[in-house]
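Peer 1: Using the sequences and the hints given, assemble the complete structure.
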Amino acid sequence: MDYRVNNISYKYTKDGEEVLKNVSFSIEKGKVTAIVGPSGCGKSTLVQIFSQVIPKLINNGELEGSFDVPQDTFVSVVSQNPENQLFGYGVEDAIAFGLENIGMPQEEIVERMEYVLDLLNLQYLRKRSVDNLSGGQRQSVCIASVLAMKPDILIMDEPVSSLDPNGKKMVQDILGQLSNSGNTTVLVDNNLVWSAGIVDHVIGLLEGEVVFDGSRDEFFKNFELQEKLGVILPQEVELYRELSKQFQDIDLFYTVDEAFAQLQGKVKKKEILQKEALKEEMEPIITVQQLVKQFNDGFTALDHVDAQLPKGKVIAILGQNGSGKTTFVRHLNGLHKPTSGEVLYKGTSILGKTVAQISKNIILVFQHPEHMLFEETVEKELTFCARMQEVPFSEEHITEVLEHYHLEKERETFPLNLSMGKKHMLTILSVLFSSADVIILDEPTLGMDGFLIEDLEKMIADLKAAGKTIIMISHEIPLVFRVSDYAVILNKGEKLFEGTKEKLVEREDIFEKINIMLPPVVQLSKKLGLDEVVFQVDDFMKKVLEQRNE
Amino acid sequence: MDYLKYVDGDSLLHKLDPRTKFVFFIVMAILTSLVKSGVALLFLLVFFVGMWNVCKIQKYIFILFQKLKVLLIFIFLLWFILGLFERPQAGNGPVFYEAMIPFVGGQKILFCFDWYDIYKGLVYSLRIFLMIASFYTVLLTTNFSEIILGLQKWKISYALAFGIGLVFQIIPMIITELKAIMEAQSSRGLEIEECSWTTKIKNYVTFSLPLLFRVISKGQSISLAMHYYQLNFSVHRTAYKKIKASKYDAYFILANAVAIAITVVLHMQFYIAV
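These protein sequence lines map, in sequence, to chains A and B.
In this text, residue positions in the first sequence follow the working numbering: the first is 1, and each later residue adds one.
In this text, residue positions in the second sequence follow the working numbering: the first is 551, and each later residue adds one.
Rather than coming from a laboratory, the hints here were simulated on the basis of the structure.
Keep in mind the model is a prediction, meaning the values are calculated, not measured.
Note that beta-carbon positions come from the ideal geometry of N, C-alpha and C, so glycine has one too.
Keep in mind that the hints are not guaranteed to be accurate.
Here are some chain B residues pointing at chain A (derived, C-beta under 7 Å) [to be verified]:
1) D558
2) N693
3) S695
4) E733
5) A734
6) S737
7) L740
8) E741
9) E743
10) L759
11) F763
12) K768
13) S771
14) H777
15) L781
16) R787
The list that follows gives simulated cross-link-like pairs (lysine to aspartate or glutamate, EDC-like), each with its CA atoms no further than 20 Å apart [as the list claims (entries may be wrong)]:
17) A:K245 <-> A:D538
18) B:K555 <-> A:E83
19) A:K543 <-> A:E271
20) B:K791 <-> A:E108
21) B:K752 <-> A:E376
22) A:K360 <-> B:E741
23) A:K380 <-> B:E741
24) A:K337 <-> B:E741
25) A:K127 <-> B:D558
26) A:K360 <-> B:E743
27) B:K752 <-> A:E390
Between beta-carbon pairs, the in silico distance windows are [to be verified]:
28) B:C745 <-> A:P392: 16 to 24 Å
29) A:G352 <-> B:L628: 33 to 41 Å
30) B:G769 <-> A:P105: 29 to 37 Å
31) B:T748 <-> A:K492: 38 to 46 Å
Peer 2: Here you go:
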């Protein structure tokens with residue numbers, strides 16, 4: 001028997017708005033069900049109802065309907081921040097925590113420990129401390145600690161949102177293992193890029209209502225709905241969407257190999273056109289010379305890094321977690337002082353200046369918006385940088401920005417009450433009012449749905465058009481290749497590459513070394529023999545149509 | 551570098567039963583409150599320095615010392631200044647300067663700068679430092695899971711033991727959060743480096759709001775996680791790990807017993823009332 005969600009409606013306060021409206025669907029046993037929908041659609045509320053947080057911990061709302069499960073069904077949750085969920089110093093302590101809570105005898109705890117560590121291939125981590133694990137490892141231990149309790153339903157709430165590609169791969173493999181071993185898993189995430197190959201069943205939520213309930217393939221073929229829900233799709237699905245408009249006999253595909261198998265006879269293979277070398281002179285705005293950063297514990301985070309970051313371009317800083325990306329950008333705005341080496345802005349050293357002084361030219365937007373927001377209203381938050389830097393601004397400009405980025409309704413809202421994606425967008429928007437001409441964005445898409453990412457891409461394009469330089473750290477590789485012009489690749493504190501993205505795609509050895517995959521559209525354009533390597537789905541389609549076999 | 555948190559290691563102190571370390575802290579806290587002899591305290595400091603070096607935690611204690619510098623100087627100055635207005639109460643040390651100085655209402659008061667002012671200031675600073683350092687030694691070498699286990703073995707209720715363990719898990723988180731908030735705001739143009747003391751204090755007040763929200767949000771996440779892991783203090787818990795004393799505890803207790811005995815003897819031999 002499946003688990004049944006039966007006409008659930010919910011209000012957080014008795015006279016408040018309904019956040020869930022007659023929601024009904026089934027969670028199939030032994031399958032992976034994905035619940036998707038834009039920020040504020042009711043996904044998180046549903047998780048709280050499934051896990052009994054509503055009504056056990058939050059009991060002042062109004063709940064109607066029921067979640068029909070057999071008695072003693074145990075539902076557990078893996079949240080997006082494992083550091084808030086792991087209790088215990090060591091990995092073994094953290095895994096044993098839940099089992100100790102239910103009073104399981106020690107011998108059985110030992111058995112369960114072995115079972116989950118073997119199931120998830122985590123034996124190598126068992127003697128480590130949780131503090132010293134990477135994001136992916138931590139999330140894996142979190143999943144292990146929940147699985148050890150053998151939940152009937154495992155809910156994963158945006159489990160990879162803050163992970164690097166290695167971490168995502170780790171969680172992806174675990175989800176695959178869970179699916180193969182017949183666990184019932186509910187994935188709550190609007191980003192299906194990493195899970196598209198594993199999900200069986202999709203539930204679409206919009207404004208508290210179920211607007212889709214069907215198989216994964218049905219969902220990926222429903223383009224209109226995907227757009228309506230702001231789901232972040234794998235680039236392969238975006239390619240399928242465009243290709244299916246032009247080719248009658250294209251089947252849905254989830255991998256580059258599947259796409260290639262269907263397209264190879266349909267596209268003429270050509271040699272890559274040797275274009276004339278780019279004549280454009282790239283004037284550096286920031287020059288980094290022999291930068292070394294050694295921390296007090298002796299760890300060398302950056303080892304003699306040189307870089308010349310060009311003015312007016314979008315520059316991507318790439319590498320796995322621990323490669324030195326964040327340490328590198330924190331030197332550019334003065335948050336870190338180098339052990340040795342130099343950082344120059346327009347030829348002048350920034351080393352003697354304070355962070356606030358440097359922010360007039362180079363501004364850094366942090367990864368976690370909660371660290372940055374501290375005004376009472378969205379409007380005041382928006383103008384924070386301008387006020388600190390004594391840059392004039394007008395009411396019209398504020399209104400224009402708020403309207404353009406769909407925040408006008410929230411003008412007087414307390415910023416911390418916004419959704420995660422909107423909070424992040426607000427911190428980025430506030431730099432539009434600053435005097436800085438170099439803007440550093442650290443993981444800007446964190447918590448954003450498809451709509452906000454679209455807005456972000458437009459904003460980056462506008463800033464570039466206005467002559468600003470954008471430096472961006474992001475693990476969203478397709479996005480990076482869509483928006484950036486130039487890249488710096490770091491690995492274990494050393495610079496592996498610096499140059500244009502056109503040069504970068506020629507260096508597959510680098511991607512192998514840093515264990516990051518090129519975007520599907522780049523891989524496919526190379527495999528198919530398009531006469532130009534392309535970075536966007538639209539450009540890919542143009543090329544495919546040009547080289548189409550009649 | 552990490553501050554106020556457990557440091558992973560394999561030293562003698564790390565290998566001890568947490569209960570041995572709790573007793574060490576309690577005994578040292580009592581000893582440093584009772585011992586007032588400079589020589590005895592100096593010996594205790596030498597013993598502590600030796601222990602920190604053997605266990606390779608001396609650099610973390612040095613960081614603690616730097617963080618406590620202002621407090622220690624304050625304590626020293628407090629006793630030093632109070633001592634300037636009286637003659638030495640003990641010993642025969644030198645008096646560097648003595649005079650009657652004018653005071654309000656035509657009265658005169660005694661001003662006496664002598665060795666005893668310095669001695670008294672140093673003794674009080676050293677006592678406070680040793681007391682805090684003995685607690686910090688336990689904190690540096692006992693992770694919160696061990697703290698909880700140790701307290702439970704002392705028949706302290708799991709709810710209380712878990713609460714205490716959680717505090718030690720959360721304190722480093724709060725310090726990290728505050729640092730991140732300060733950095734984020736300075737990155738947006740708020741001057742926190744080159745500013746007056748009053749601005750600095752004002753800034754700290756401003757930072758407290760986002761910090762409060764971060765702490766509340768973390769607290770909410772932790773309580774949700776406790777629910778997911780079915781934590782119920784009324785249910786009897788079992789334990790995966792067992793703790794028991796080993797030969798290392800015996801060595802440690804022996805070394806401490808000798809050190810305490812020497813300290814007491816020195817205290818009696820070189821006691822000067824402060």
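Peer 1: Now tell me if each hint is right for this structure.
Peer 2: Taking the hints in turn, this is what the structure says about them:
1. Taking 7 Å as the C-beta cut-off, the interface hint given for B:D558 holds, the closest approach to chain A being about 6 Å.
2. Hint on B:N693 holds. Least Cβ distance to chain A is approximately 4 Å, under the 7 Å limit.
3. Residue-level restraint check for B:S695 holds (minimum Cβ-Cβ distance to chain A is 4 Å; threshold 7 Å).
4. With 7 Å as the threshold, the beta carbon of B:E733 comes within range of chain A, its nearest partner Cβ sitting at about 5 Å, so the hint holds.
5. Annotation: B:A734 was flagged as interfacial toward chain A, and the flag holds, the nearest CB pair being 4 Å apart, inside 7 Å.
6. Because the closest C-beta pair between B:S737 and chain A is about 4 Å apart, less than 7 Å, the hint holds.
7. For B:L740, the interface hint holds, the least distance from its beta-carbon to any beta-carbon of chain A being 5 Å, beneath 7 Å.
8. Annotation: B:E741 was flagged as interfacial toward chain A, and the flag holds, the nearest CB pair being 4 Å apart, inside 7 Å.
9. Of the supplied interface hints, the one on B:E743 holds, with its beta-carbon coming within about 4 Å of a beta-carbon of chain A, less than 7 Å.
10. Interface hint status for B:L759: upheld, as the beta-carbon distance to the closest one in chain A is roughly 5 Å, under 7 Å.
11. A least Cβ separation of about 5 Å between B:F763 and chain A falls short of the 7 Å threshold, and the interface hint therefore holds.
12. A least Cβ separation of about 6 Å between B:K768 and chain A falls short of the 7 Å threshold, and the interface hint therefore holds.
13. Hint status for B:S771: holds, given a least beta-carbon distance of 4 Å to chain A, under 7 Å.
14. Because the smallest distance between the Cβ of B:H777 and any Cβ of chain A comes to about 6 Å, under 7 Å, the interface hint for this residue holds.
15. Interface hint status for B:L781: upheld, as the beta-carbon distance to the closest one in chain A is roughly 5 Å, under 7 Å.
16. For B:R787, the interface hint holds, the least distance from its beta-carbon to any beta-carbon of chain A being 5 Å, beneath 7 Å.
17. Taking the CA atoms of A:K245 and A:D538, the gap is near 12 Å; set against the 20 Å cutoff, the hint holds.
18. For the hint linking B:K555 to A:E83, the alpha-carbon distance of about 15 Å falls within 20 Å, and the restraint holds.
19. Annotation: proposed proximity of A:K543 to A:E271 holds, straight-line Cα distance about 13 Å (limit 20 Å).
20. Note on B:K791 and A:E108: the hinted pairing holds, with a Cα-Cα distance of about 13 Å set against a maximum of 20 Å.
21. Only pairs whose Cα atoms come within 20 Å are accepted, and B:K752 paired with A:E376 is accepted, the gap being roughly 17 Å.
22. Straight-line distance between C-alpha atoms of A:K360 and B:E741 comes to about 11 Å, which keeps the hinted pair within the 20 Å bound.
23. Under the criterion of a C-alpha separation no larger than 20 Å, the hint pairing A:K380 with B:E741 is consistent with the structure, at around 18 Å.
24. Proximity of A:K337 to B:E741 is assessed by CA-CA distance (about 17 Å); at most 20 Å being required, the pair is judged to hold.
25. As the CA atoms of A:K127 and B:D558 are separated by approximately 12 Å, the hinted pair is consistent with the 20 Å bound.
26. For the given pair, A:K360 sits about 15 Å from B:E743 by alpha-carbon distance, which is consistent with the 20 Å threshold.
27. Our distance criterion of 20 Å between C-alpha atoms is met by B:K752 and A:E390, whose separation comes to about 19 Å.
28. With their beta carbons about 23 Å apart, B:C745 and A:P392 fall inside the hinted range of 16 to 24 Å.
29. Range check, A:G352 to B:L628: Cβ separation about 38 Å, and the 33 to 41 Å hint holds.
30. The supplied range of 29 to 37 Å is met by B:G769 and A:P105, whose beta-carbon atoms lie about 32 Å from each other.
31. Taking the beta carbon of each, B:T748 and A:K492 are about 45 Å apart, inside 38 to 46 Å as hinted.
Comparing the model with each earlier hint shows no violations; every hint is respected.
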